[in-house]
Amino acid sequence: MDSEAGREEAALLNRLRTRLADFEKDRANLLSILRMIQETFSYIPEEAIYMAADHLDLAPSEVYGVATFYNQFKFNPPGKYPIKVCLGTACHVKGGDIILENFERKLDIREGETTPDRDFSLERVACVGCCALAPVALVGEAVHGHMAPSKVEGLFTRIQVEKEMAEREKRRHESAR
Amino acid sequence: MSPPDKRSRSAAYLALQETALQEQEEHAETGGPVIHIGLATCGIAAGALETRHAFEQVLAERKIPARIHPVGCLGHCYAEPVVIIDHPDSGFPPIFYHEVTPGKAKMLARLFLEEGDPRFEHVYGAMKPNDLIPSVMEFSRFSREHRVVMEKCGRIDPGDLNEYIAEGGYRALDAVLRMDPGQVIETVTASGLRGRGGAGFPTGLKWERARTAFGDKLVICNADEGDPGAYMDRAIIESDPHQVLEGLAICAHAAGAGEGGIYIRSEYPLAVRIITRAVEQARQAGLLGKNILGSGIDLEVTVFQGSGAFVCGEETGLIQSMEGRRGMPRHRPPYPVSRGFQGRPTVINNVKTLAYLPLILQRGAEWFRSLGTEHSPGTAVFSVVGDVVHPGLVEIPMGVTLRTLIFDICGGIPKHKGFKAVQIGGPSGGCLPESFLDIPIDFDSLTEAGAMMGSGGLVVMDEATCVVNVSRYFLDFTQKESCGKCTFCRIGARHLLDILTRITCGNGRDGDLEQLERLSRDIKQGSLCGLGRTAPNPILTSLAYFREEYETHVQDGRCPGMMCRPLTAFYIDLEKCARGCDACATCCPTDAVFTTSTRKKGIDLDTCVKCGECVTACPPEYDAVRRVSPAHLAPVVERPAEPVESAADKPENREAP
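So the sequences go chain by chain: A and B. According to numbering that gives the first Met the number 0, the first sequence is numbered sequentially starting from 0. According to numbering that gives the first Met the number 0, the second sequence is numbered sequentially starting from 0.
Only chain A is shown next, with the shape it has when bound in the complex:
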């Protein structure tokens, strides 16, 4: 099983308790706490909701209700390469939905999902604020402007090549030792 990821998460959860203590017991801190949790885990695990609720003396359902209200909070772990496709106005007019469809087809997942190997996750975002480059897609933090279906292919090829290069580098490193 994913024991390594599981162990890591358990360790993070342990540390979360001490980090929660930094926040005052004030409901106004709830969003900051949720954001901190998301930054730590890259998503919001169920246990963390209970811990946050416990810390602020709120019902877990109340915390869950707030967390689900905001688009920023995710309840599934994101992929290693989180892909966000902008569907703002300008991107829509220039065919952003076609780009999203291409990613969906290529990865064989729907928006909001993660590939089974947890390499890629796909989501739509409202507007990343670079409308003049529409249509726009983000891979991690990197913005790719003027997207086209063939550029989607290109992105994956690039990620694949980078991966292979890293692996080769690693192997060379090992053989040198």
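Source of the hints: derived by calculation from the structure; they are not laboratory data. It cannot be assumed that every hint is accurate.
With a cut-off of at most 30 Å between alpha-carbon atoms, the simulated DSS-like pairs for lysine-lysine come out as follows [claimed, not checked]:
1. 73/A to 414/B
2. 484/B to 105/A
3. 150/A to 523/B
Computed footprint of chain A on chain B; a stretch qualifies when at least three of its residues, placed anywhere within it, have a C-beta under 8 Å from a C-beta of chain A [stated by the list, open to error]:
4. 41 to 47
5. 309 to 321
6. 380 to 388
7. 453 to 464
All C-beta atoms, glycine included, are put in the ideal place defined by N, C-alpha and C.
Knowing the structure of chain A, use the given hints to seat chain B on it.
Just chain B, lined up with the frame of chain A:
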């Protein structure tokens, strides 16, 4: 007590100014070329970081004594990454270069900085009038703008407080701190400044109400710019954060608040970093915090990150969100100025509104009134995007017509296409046809036309756009962002969306349009906050001005803009298709393009996803891919049972040109 003379400066301010000017002088003395690189989010998206890296590399390698000066956004998004090189020794004025790729950067560093050749073929224009190079001010994209609130954007380093102070920054705050709050409000009221968040409420009046309210007051800068297609608030914060902070401090003093907050979208990570750093710098310089500039007045400012809910741009929703609740707007009155955050009187102003304040208080209400129209004084910042030649941020005086903005300033519609419509004010605004191009842009005339100023997002659509599809898009957005409190907004908007989806898929029915109209009006009446009350605007305006387009969708199943994919189909004109060419086949993401028995290409309509990539790929000299609507008009070409060997598969063709 300090003398009441407005022109005198406090000792604390003079000390800050001294340091700032000194630093500026030092830079001037060192001399050498300066490379200004626009490093706001839009620049970075276009590759400005790589460009900076390339410059750094060459400067270090060749030991060129030039200084790289990171600046914010000039608003010329079409030209990103933008670099301005100021090389006084070359004899040329500062030169504006557009689309500076790393390769271009290395070339410029070597040829211009070292050898003094500005490479005329890459020059966009000079930043100052001169005899050698045409000035950018000769282009209408520059000359017709009137920069007030964005004056310093793209000229100063947003991370350097001293640069802002050297430009006269915080001088207004220094004067205001020794003025009576009533006097400050009087000036703002006299200037006629209206809230730039969209509704256009008079700012002075809002402050007056807050000042007379009882309780521990709070001021908030609303930087929750959720409207897709608008990004001026982000650009201002990323380019000139201290101007916003100065405005916030002025507002706090006028309202009598000792605490301030900045509510900013967390989707803007760079803006969050820049404003947080700016608050810290201002605090250390004594411009925020305890005893500001020795005046005895305190103002603590915190940055609060929103979490991606459009409705939180509404002030009561914003307060709910700051209190750690679901951002659901509540009934007004009581207005936040009397009961806001945790029951305290709260003044909430938009980023642009606050950014105007230092200028108004420094130059006077009369100056501000001299810009714009009588009822909407000042300027307006628009983010013009969509089908225009020069998209980007444009600041113009109120009262300029849409035609001037779209055609004269932003260069009109690209690719010789015709203008169809313009959507003003994002998802809450309206869709206006060509007949409205000559109305002046101000708060009142836009509302009259059924659109609204909103956040200033302006999407231009050419003739190949389907207004039904665009309305559906906006409704899809507002429907998803509805908080769910009011039934009409929650269920009605969903129902509107279902009808529109049906129409764009070719399943429209008689009576659909009437139902859309009725339901839209009901939603407007039955909703509490601005989101629900304005969500049907795109539908109502497009139904009013483009009704025949809706009718063709419903009656003929035809999309005149060729945008509704279920109503269109692609086919290849076999007369024009070139034998042996594989351009479209290789780019098709679903392998829907096949080779016919005559070794030309055909499209399998069952697998085609209508992405249009084959249109882009088809060489212009053949121009063989056609799009038709309704879909059944496309001629059917049978896919051969046995795949025909395509030209690229033959070894002798592989290296053919």
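Hints, verified against the model:
Taken as a hint, the residue 73/A and residue 414/B pair is broken in the structure, with Cα atoms around 41 Å apart against an allowance of 30 Å. Distance check on the hinted pair: residue 484/B and residue 105/A sit about 38 Å apart at the alpha-carbon level, beyond 30 Å; violated. The suggested pairing of residue 150/A with residue 523/B is violated, with an alpha-carbon distance near 42 Å, which exceeds 30 Å. Only when three residues or more bring their CB closer than 8 Å to a CB of chain A does the claim for the stretch 41 to 47 of chain B stand; here the count is 4, and the claim holds.
Interface restraint, the stretch 309 to 321 of chain B with chain A: holds (3 residues with C-beta to C-beta distance below 8 Å; minimum three). For the stretch 380 to 388 of chain B, the assignment as covered by chain A holds, since 4 residues bring a beta-carbon within under 8 Å of that chain's beta-carbons and 3 suffice. Judged by the Cβ-Cβ criterion of 8 Å, the stretch 453 to 464 of chain B is covered by chain A as claimed, because 4 of its residues qualify and three suffice.
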